[in-house]
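Line by line, the protein sequences are chains A and B. In terms of full-length UniProt numbering, the first sequence has 277 at position 277, counting the first letter as 1, and numbering is strictly consecutive. In terms of full-length UniProt numbering, the second sequence has 49 at position 49, counting the first letter as 1, and numbering is strictly consecutive.
Quick caveat, the hints were computed from the structure, so don't treat them as lab data. Don't take each hint at face value.
To be verified - Covered by chain B, per the in silico footprint, the following chain A stretches (three or more residues, Cβ under 8 Å):
| hint | segment |
| --- | --- |
| 1 | 99 to 113 |
| 2 | 121 to 133 |
| 3 | 156 to 168 |
| 4 | 196 to 209 |
| 5 | 304 to 317 |
C-beta atoms are modelled at their ideal positions from N, C-alpha and C, and glycine is treated no differently.
In case you want the letters, here they are:
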Amino acid sequence: MADTSIADTSQAATMAAGPRPAPGAAPPRLPWRRMMALKGASFTAPFFIGFALFTLAPVLLALRESLYSKQSSGLGFGEKTVEFTGFDNFARGLEDAHFWAAMLRVALFAAVAIPTIMLLSLMMALLLDALSHRLAARFRVPLLIPYMIPGIVAILIWIYIYSPVVGPLTPFLALFGVDADFYSGEMIWISLGNLVAWSSVGFNMLIVYSALQAVPREIFDSARVDGASEWRIAWSIKVPLVRRSLVLITVLSIIGTLQIFSDPMLFRTMTPETVTRDFTPIMAIYDWAFQQGEFNYAAALSIILALVVGAASAVFYKLTNKAPV
Amino acid sequence: MTATLQPAPASASASAKQRAVRRRTAPGAVRHGTRTKVLVITGLAFFVIYSLAPVWWLLVAATKSQGDLYTSNGLWFSRIHLWDNLHQLFTYQDGIFIRWMWNTVYYGVVGTAGMTLICVACGYGLAMYEFRGRGVLMGCIIGSFLVPSALLTIPSFLLYSDLQLIDTPYAIILPGFFNAFSVYLAKVYAEGAIPPELLEAARIDGAGEYRIFFQIGVRLMSTGAATIFLLGFVASWNNFFGPLIFLRSQEKWTVMLGLYSWLKVKMDTSTDLTGMVVVGSIVSLLPMVVLMISLQRFWRSGITLGSLK
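Bound conformation, chain B alone:
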């Protein structure tokens, strides 16, 4: 059982671990000159500064009052005003920002949970069974990677109008259920994680196909399913074009759309919400950064899984 729990991506990291061990035990294996090493570290340090400086600016800016934002040095703290900013953010227009955050979480959790179940089941079916039409279905999945989302948006809008989905949460949640890339990931994962012999054994013991899926398949695929859920949740959190087109009324917006509307306010009227956009940005990205750092293992294996095959 423990052996079968080792999925495909784990083998890659296992061999990486082996290498690391080997390197530590034999330090002479990689003989870089000191000069090369200094160059490498300098280059990477440069990239790290480039990656982090804008985030640093945002962190600093969030602690400032709107006045200080315009007058003080952008890269260092001025008077700390963070609590007032947060208070203003959460109370503005009767707490519309909290509403947006809640919407984003709600669309993300419901949409991604449904998507994970549907796509894992589909990937499992494609990986574990031979049936007529399987090739065609796989062709549909791979082919749909090439369909640009641009092509789908306009007709989707017309379709959802007919189905009366426009300006309802379903316009965001339902289409999110059916993600071809997740099916592909699930199929690749199932092939690596579930030995067919195990299913045969369960069949001989008299288990039905659905019972096998829920009692064996789902458990063996739990790591893959977590990866699929995480990647889907992040994508749903970042979604902008969909909510922009399908959601009309302000109280149904996602946080990204809300921040955009605050940014745009300046163009239409003379109100300046810069301070709020800055603090709102921090609040909206925190869940993502916390989630992705704590669950690094999952999404990194997802990326490697998707790209190497």
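Bound conformation, chain A alone:
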């Protein structure tokens, strides 16, 4: 297998890092500094051996598998053979209407949900920052409770809350004459968006809030002396100062949202008609691999998805770096 050889080379690379006599110097005794560097490098060896096996090897394996296809010989009877088919899987993936429909669905969702969540997190952090330290600490724990709830449990809670039979939300809205079906095709993205927002706003708020807390207070004081209102300070000083944190959590959200899986997967148990088995890109990949048994094609789709995720984060970074501060 390819994996063992990779592990070997990385080990060799770590080893080679140490004792290599400098050209021309030719010291008669082993320099203890070099010995020390070698021992230092050995601290990193266990990690990098495992890293090579469980991260690098799968990536290389994905690249290899995507170039092969399972072919049924003759009339579909008999053994299936695996053949080298070059970029056929990628060509097929690029034309896969279902896969790209899933991608578009999730991209549109990301385009609406992520800015909303960022705005909410920023708002929450600014509100918290406006309070005295003691009062803020009191608010912080309840605001972080959703972050402490395991993801699957959060999804289960909201599945039941949305449920027309168990949940309190449908009868509540019915009081106002609103007949909401959270699992219908039109509502499903709002339901999902609310769930994602509920579980992630606390964490994002914490990152922005820590960035705000790191800003020296004197800046705000001098702005106040100059007659700036609190709103003005928030918008013109605080927001630009936490821009880097906002960019970071946005990129993390882009990567996470394009790979959304467990949320729609669990929603599917409630509404299999709306949430189809290839509803999001990862669900489609999971379906191809484990329901249809086409691992090669699934590997090609994973690579395509990885490239899209990478490109989306790169474009976002580029845009935010060029934007005037």
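Using the hints provided, position chain B relative to the given structure of chain A.
Just chain B now, kept in the frame of chain A:
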């Protein structure tokens, strides 16, 4: 010694404390109008209600019998049925739920303990030593943040099939040992917490590199290691995609996978386990909430450490 025990994240909170002190001593420093303050508190109260209401619903729902779950008001208690629910939860299918909880704890503790040791050692090596190839290794770590987990899952499944890891606990525990983000956290932490002069002094006194690590490095990094362990344990508790793909037989599942299977039962057969899923959810999240509230200091410093650098 005490001075060196002050790690990087503590300095941030120390300056925050200073600010708090300054504010308390000079209340005029922040002059918000009453109207602004009311607006701020109202806004935050709204967010608090939004955050807590679903949890409240779950707490209330867990005390109800399955019948009351469907008929009574969701936001207030009906007849208290909690003990019967718990009894049913723990005895269903010969206590399979306890088995799942135990599995989750087992995978979490073993996997995260190993991960912490390996990643702290790696972060320490990267932070404290200059050696050829160090830049390349750092590049690998940062680069792997960008590799989406989606890319890894399918080939990992094929790889583990070859290694005969599928449907064994090792498929969950072993890959968890090697977490690039933890290495990054450990490196950043080591740079802030361990003064190189201290290592030099130990060397002059004749201590070997490994002895220095276990007697000085590990102790100075204990807070950072606790953070790494906590974040890793939480991630392992929440893991869903891994167990879903790598574990087949029911008695090896984690609690999250088990709850999912109970939710799914309704789609495949007509059995309704809603009451059990609700109580099971509460039981499965309690350890997390208790752990995270009591160890807030650790994971909050971890988040700040990871994001600000």
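Structure-based check of each hint:
{"no.": "1", "hint": "99 to 113", "verdict": "violated (count 0)"}
{"no.": "2", "hint": "121 to 133", "verdict": "holds (count 8)"}
{"no.": "3", "hint": "156 to 168", "verdict": "holds (count 10)"}
{"no.": "4", "hint": "196 to 209", "verdict": "holds (count 6)"}
{"no.": "5", "hint": "304 to 317", "verdict": "holds (count 5)"}
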